[in-house]
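Enquirer: If you want the building blocks of each chain, they are given just below.
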Amino acid sequence: MTFSKPQKISFSIFVLTLISLYIVLPAKLGNFLIPRLNFKIGNLDFSKEIELKQGLDIKGGLQVVLNADMKDIAGSDRTSALESLKEVIGRRVDLFGVSESGVKTALSGNDYRLILELPGVTDPQQALSLIGQTAKMSFALPIYTPGKTASDAATLTGFNPTDLTGADLQRAQVTFESQDRSPAVSLTFKESGKNKFSKLTKDNIGKPIAILLDGYPITMPTVQAEIDSGSAVITGKFTTDEAKALSVQLNAGALPVPVTIISQKNIPATLGADSIKKSITAGAIGLSMVIFFMIAYYGKMGFIASIGLVLYGVFTLTLYKLIPVVLSLPGIAGFLLSVGMAVDSNILVFERYKEEIRAGRDWRVALELAFGRAWDSIKDANTATIITGLILFNPLDWSFLNTSGSVRGFALTLILGIFISLFTGIVVTRNLLRLFFKGKTNIQNK
Amino acid sequence: MNWMRHISIYFFLSALIIIPGIYSLARYGVKPSIEFTGGSRFTLISVKSPADTILQSFKEYAPILESFDDTGLTIKSKEISQETVQKNLDLLKTTNPEIQLTNFETIGPALGKETIKKTVNALIIASVLLLAYISLAFKQLKYGICAVLAMFHDTIVLLGSFSLLGHFWGVEVDLLFVTAVLTILSFSVHDTIVVYDRIRELSHKNKNVDYVSLINQAVTETMARSLNNSLTIIFMLLAMFLMGGETTKYFSLALLIGTITGTYSSTFTAAPLLVVWDKYFGSNK
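These protein sequence lines map, in sequence, to chains G and E.
Residue numbers for the first sequence, in the working numbering: 31 to 476.
Residue numbers for the second sequence, in the working numbering: 110 to 394.
Chain G on its own, in the form it takes in the complex (with noise of 0.2 Å):
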């Protein structure tokens, strides 16, 4: 038994519109149970369900952008002072214990920003307040308490603070030991701070010094000689990307950044949650709309196409999950614009077909060359939506074009939404009506 080539690509539909199904439902339907299939591709890991990321907007929280100050950092150090701003500030975050936060850093002009995302912050004041500090590094000595027996371990207590601080540090460095090749870290003291470590190494000889930042010791390293040359190593079993991590974190001390803050939003979670609820069911009215419109005027026809248009959902909910697209409110905009969009394709064609249908042809003729003689206009049409949603997403990141989380998440909706609907529009629909369609034959037939 064979089969023709629409019911193969049919076929083809049908797995994927599961797939994509298994991806997209809840686990739990009511009260039945969907089983879990046990495999993973890269960070993706199917045995659970996938979760939808929503955007700040949606989920409430803290947006804030920062500007960083740079007047008292040479022109060559900034780009490093930023990253290690990032790093402080990125730490300090994570004391918020806020899940999927993010700091990323931006560049416009002359100016460093960094922008933080803090989903979920119920009191923004307090969070700024300490995020928005001058990173505060300090040399100090550990202090040790004896164990209680002899075979205990010294517990480490507390620091005793000493003069040297990171005003006194000129930079930090990577650099690479002349034996062995490996790795290690360099700092180098300014005039200041010259002799107060040739001091503090001196009078510390095999024992630690621990370099804190805002408090916490980022490093402990034993002094091993007296250091009155400005410019000591850190060494120690380091991978590159350690000796890198821990040179941007002394970094911060070295070039600190006092930082001010350009742009604030709060937005509390309900706000989202309830214009959410309110986009959904605006959702399902339109597509409701469309759907009806499409039945009572394409009859059969507009019957299939809405099925293509139902699936054009379940894929796009399919490839959000799975990139992930952050959902937010300008997003399910995008998405639900792009819902009207999809169905144009359907339109062109189906306007095609009746037409070739009253120029006399048969209506298997009329309905390949109806998809054939239709794609000219959709594909000139879409390339034209296709060019401004790239302008809108700036995937290069220029710094002439908006970088707006809000525009960017709504070009992606689009962009996604216009190679969907062409999937779905074309292939899915021409097949299934290959398939399942009969037209009336044109009883005069030429």
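A portion of the hints provided could be inaccurate.
Heads up, simulated DMTMM-like pairs for lysine to aspartate or glutamate below, C-alpha to C-alpha not over 20 Å straight-line [said to hold, decoys possible]: (1) G:K295 x E:D283; (2) G:K295 x E:E223; (3) E:K222 x G:D141; (4) E:K248 x G:D410.
If you're looking for bench data, these hints aren't it; they were derived computationally from the structure.
Please arrange chain E on chain G, whose structure you already have, making use of the hints.
Expert: Below, chain E without anything else, positioned relative to chain G:
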């Protein structure tokens, strides 16, 4: 049907919408949101005092009352920090024991200016790219120019409408509105291309028919598609405008206005412009 006989009516209809819009744009401009001007907006709940008392306590920051209803009192002001708002609220606590800050949003003026610049850049780049793309796809500059002119028509209708809405109902233009404008640019062109595409196809088929009749035929043949397609989009947008959340309400309205004018312009602006072009430059034969 001889659509192109009534070109002057179509242009008159467009003018009827566009001229008040341009007048309003020139006279009142649009009402930019704090995303463009910089400034702050915040909402207070459990307010007992009259709105004036509250505004008075923020008077250094040029406060403007935006809304005051069951859900809270929303104030728009010059840039203010959340700390300052909180301090002022503490002072108000004697008369409003449960007063609380819910929404807070602030944007520095530098960021606002930058947004305007980026928006203008996006509009220029989009126009140039679409002009180039259509001219290439149709192998004649006139298609590109006429399509972009129709696109400007739609942009002006949209901007004009929001200028009027801003003047009479205080509707603001924000970053989402910009997104809507850019989307409408592409929708307008999308729709125009379908009509032009039919003109191109017909001109290959019937070499001996004059250009105006070709356009007439193309418009007739694409009319049903154009209307049906717009109807489906309008269904979606209308639902979103009427029932969607507050955040995207005017965004949906902008898209709705744009879709309607976009549909109108592809048939009644873009196609007639080709006729006018042919009359004056007559270079297509």
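Enquirer: A separate judgement is required for each hint: does it hold in the structure or not?
Expert: Going down the list of hints, with the structure as the test:
{"no.": "1", "hint": "G:K295 x E:D283", "result": "15 Å, holds"}
{"no.": "2", "hint": "G:K295 x E:E223", "result": "18 Å, holds"}
{"no.": "3", "hint": "E:K222 x G:D141", "result": "13 Å, holds"}
{"no.": "4", "hint": "E:K248 x G:D410", "result": "13 Å, holds"}
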